[in-house]
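Quick note, the sequences are listed as chains E and A, same order. With the working numbering applied, the first sequence corresponds to residues -3 to 429, in that order. With the working numbering applied, the second sequence corresponds to residues 8 to 299, in that order.
For the record, the hints were derived by calculation from the structure and aren't laboratory data. Mixed in with the good hints there might be a few duds.
Said to hold, decoys possible - Here are the simulated lysine-lysine pairs, DSS-like style, with alpha carbons at most 30 Å apart: (1) A:Lys243 - E:Lys228; (2) E:Lys104 - E:Lys73; (3) E:Lys270 - E:Lys104; (4) E:Lys310 - E:Lys270; (5) E:Lys151 - E:Lys169; (6) E:Lys146 - A:Lys205; (7) A:Lys146 - E:Lys169; (8) E:Lys350 - E:Lys93; (9) E:Lys56 - A:Lys146; (10) A:Lys146 - E:Lys228; (11) E:Lys234 - A:Lys243; (12) E:Lys151 - A:Lys243; (13) E:Lys150 - A:Lys146; (14) E:Lys170 - A:Lys146; (15) A:Lys243 - E:Lys426; (16) E:Lys150 - E:Lys73; (17) A:Lys205 - E:Lys234; (18) E:Lys270 - A:Lys146; (19) E:Lys310 - E:Lys34; (20) E:Lys270 - A:Lys243.
Computed from a predicted model, the values in this text were never measured in an experiment.
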Amino acid sequence: MHNLKLASVVVGLAMASSGFAATQIEWWHAMGGANGEKVDEMAKAFNDSQSDYEVKPVYKGNYTETMTSAIAAFRAKQQPAIVQVFEVGTASMMAAKGAIYPVYQLMKDSGQPFDESVYLSAVTGYYSNSEGQMLSMPFNSSTPVLYYNKDLFKKAGIDQAPKTWQEVESVAKKLQASGVTCGFTTAWQSWVQLENLSARHNVPFATLENGFAGVKTELTFNGPLQVAHIEKMGEWQKNGIFSYSGRTNDGAAKFYSQECAMFTESSAGYAGIKRNATFDFGVSELPYWEGKVQQPSNTIIGGASLWVLQGHSKEEYKGVASFLSYLSKASVQADWHQFSGYLPITKAAYDLTKEQGFYAANPGTETGVMQMTTGTPTANTKGLRLGNFVQIRGIIDEALESVWSGDVDAQTALNTAVERGNAQLRRFEKAND
Amino acid sequence: MTVTFPQKGLPWLLLLPQLLITAIFFLWPAEQALEQAFYQEDAFGLSREFIGLENFADLFSNPLYYQSILTTLVFSFSVAIVGMSVALLLAVMADRVIRGKLAYQTLLIWPYAVAPALAGVLWWILFDPSMGPIALWLKSAGVDWNHYLDGSQAMILVVIASTWKQISYNFLFFLAGLQAVPRSLIEAAAIDGASPFKRFWTIVFPLLSPTTFFLLVVNLVYAFFETFGVIDATTKGGPGQSTTTLVYKVFDDGFVGLDLGGSAAQSVVLMGIVGLMTVIQFRFIERKVQYS
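Could you put together the complete structure from these sequences and hints?
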């Protein structure tokens, strides 16, 4: 009798727990440190807001490691439902038609209300197909801006941040006259000084709408604008107006130590700079060449987006769709934007942040958003969709370094890079066509 | 006299665990790489096409690949020679220490426990052109240290970063080798009036030759295969291609760039080179080695 009672309790408990068991959704991401903790917090908030689904965020290392593990997992049929992939992996993900579940399709199939027009098109454009349908959900996006050392500017008698590259040159000369060693340095040279340079001047980086219209795209960054810019930078490297500081964002060290008075870096670098700068600094839009463009265009983004992978149950996909909707909510977006420095992905999140007085309290944080939202994105400013982009960036790094060291002139270096890059594009085309 | 087993099955049974490990962890992956090298495949494995030798043709028609072979040779021999010379010097000195011997030896072995990528980051910080203490010291001594632009300096940096932890490993073997040198031989030479320097070069060094040979093979294999983490953490193969070694290219194209076929073809070439090198070492250099 006693035993029977106990057994019924156990059975009852088992039934209850199975009845309430939430569908588990795995989300692999590459956000370490403080951003990683924020990701956990966001997932927890979503889990607490309903009882049907449970999102489990799993940190998988850096961007490359996360993408490679997701692909390896897919090949072993153990893939997560959601994976965060960096922007240069976009073409690889898109080409894998049997592996991905396009976000617009997912939203439609799951009956989630989904209006693409509420998103900032400069952000979502990078992850949309040529019909403008969103293939992945932007998660953390940023864009390059110019950081400058206000203290050094004041000492040199300069009262305004340079808007154009011509002004960068003259400002740098004034700074040098006042005792500063170097005018500016840059992070992510390919992204800032070539990809975004092209977008800002509305010049194509590659044919077929920068690769958006097909895998037969060819690189075109050896045009007159890009060559002139790189040539000038090579010259500046010699006289100290520019100082090269490596392929990633190691140049921050030169900005912190006040060796360089200006720094072109991602808008998401704001928090790090704020923490490390022992001086007053300002944020300004990425410079452009006066006379080369009437009105500078929007810049393009970097960062990562969330891709949904095939091979899960309908129930799980419903959960994924509701989680993606949750992430797009103005309050969630505004919180993430303000915490991490990444761009908001909806207009509502931007307006909310403004309303909350965040931009007024943190001058400079709005620069990236403003710069992104100037005008309507064109075929040259929507983004880049290039296969083997990781290798192409490596090739560009090599070419630029040969210019900075004075070994090769800008035209030859960029011609070689285009030729080598095109070979990578053809390899990708062959593997994915 | 040879020992024989009563039946044929037992030796195989005893060998089985080792054979299984070799097959699963060495032969199978090697076979996979070999197979992959003949295919072109997208990252997700959704489509796969046999393309024969095209991956190899792409490699060998690329002048930069030959450059990378040269870079690898310079890098690997520098790592092996620097690592072994420093370790030998330390071992000879440690062998003479009488007080605090154990503490001294233990401290010298520590760096071996540091992960390669971490060692890379460590040296990268020390040599950072704007903030690194060593770089700043070099600058004050008149050397314009900037490995972001100067290819030779970048090479020096990756050699130092890769050698550092290997010194501990070499040290351990050299020390053991030194302790095995019979004291009587050295004493006899000393009585005959041989200077410490002469005693080392005519007695100790030749007797160490089996150890030296073993370490040469191990160090070259290390430099060829295991250093991509260090290079990734310090120079990422740059500036230009000045520190892009073969194994870094395999890692970069395969793991980072997801070009599996191209990366597999490179691994096959790398396997061939190391195989060839090992054969050369055993056929020609080992003959000069004196096993007592």
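Here is how each hint holds up against the structure:
In summary, the hint linking A:Lys243 to E:Lys228 is supported, as the alpha carbons are separated by about 25 Å, within the 30 Å threshold. For the hint linking E:Lys104 to E:Lys73, the alpha-carbon distance of about 25 Å falls within 30 Å, and the restraint holds. About 42 Å separates the Cα atoms of E:Lys270 and E:Lys104, which puts this hinted pair outside 30 Å; it is violated. With a C-alpha separation of about 45 Å, the suggested pair E:Lys310 and E:Lys270 falls outside the 30 Å cut-off, and the hint is violated.
At roughly 13 Å between alpha-carbon atoms, E:Lys151 and E:Lys169 fall within 30 Å of each other, so this suggested pair holds. In summary, the hint linking E:Lys146 to A:Lys205 is not supported, as the alpha carbons are separated by about 66 Å, beyond the 30 Å threshold. Of the pairs offered as hints, the one joining A:Lys146 and E:Lys169 holds, with about 24 Å between alpha carbons and a cut-off of 30 Å not exceeded. Straight-line distance between C-alpha atoms of E:Lys350 and E:Lys93 comes to about 39 Å, which puts the hinted pair past the 30 Å bound.
With a CA separation close to 40 Å, the supplied pair E:Lys56 and A:Lys146 exceeds the 30 Å bound. At roughly 27 Å between alpha-carbon atoms, A:Lys146 and E:Lys228 fall within 30 Å of each other, so this suggested pair holds. Using a Cα cut-off of 30 Å, the hinted pair E:Lys234 and A:Lys243 holds, with the two alpha carbons roughly 24 Å apart. Annotation: proposed proximity of E:Lys151 to A:Lys243 is violated, straight-line Cα distance about 37 Å (limit 30 Å).
At roughly 29 Å between alpha-carbon atoms, E:Lys150 and A:Lys146 fall within 30 Å of each other, so this suggested pair holds. Straight-line distance between C-alpha atoms of E:Lys170 and A:Lys146 comes to about 25 Å, which keeps the hinted pair within the 30 Å bound. At roughly 27 Å between alpha-carbon atoms, A:Lys243 and E:Lys426 fall within 30 Å of each other, so this suggested pair holds. Straight-line distance between C-alpha atoms of E:Lys150 and E:Lys73 comes to about 59 Å, which puts the hinted pair past the 30 Å bound.
As the CA atoms of A:Lys205 and E:Lys234 are separated by approximately 52 Å, the hinted pair breaks the 30 Å bound. About 29 Å separates the Cα atoms of E:Lys270 and A:Lys146, which keeps this hinted pair within 30 Å; it holds. A distance of roughly 28 Å separates the Cα atoms of E:Lys310 and E:Lys34; the hinted pair therefore holds under the 30 Å criterion. Under the criterion of a C-alpha separation no larger than 30 Å, the hint pairing E:Lys270 with A:Lys243 is consistent with the structure, at around 28 Å.
In summary, the numbered hints that this structure violates are 3, 4, 6, 8, 9, 12, 16 and 17.
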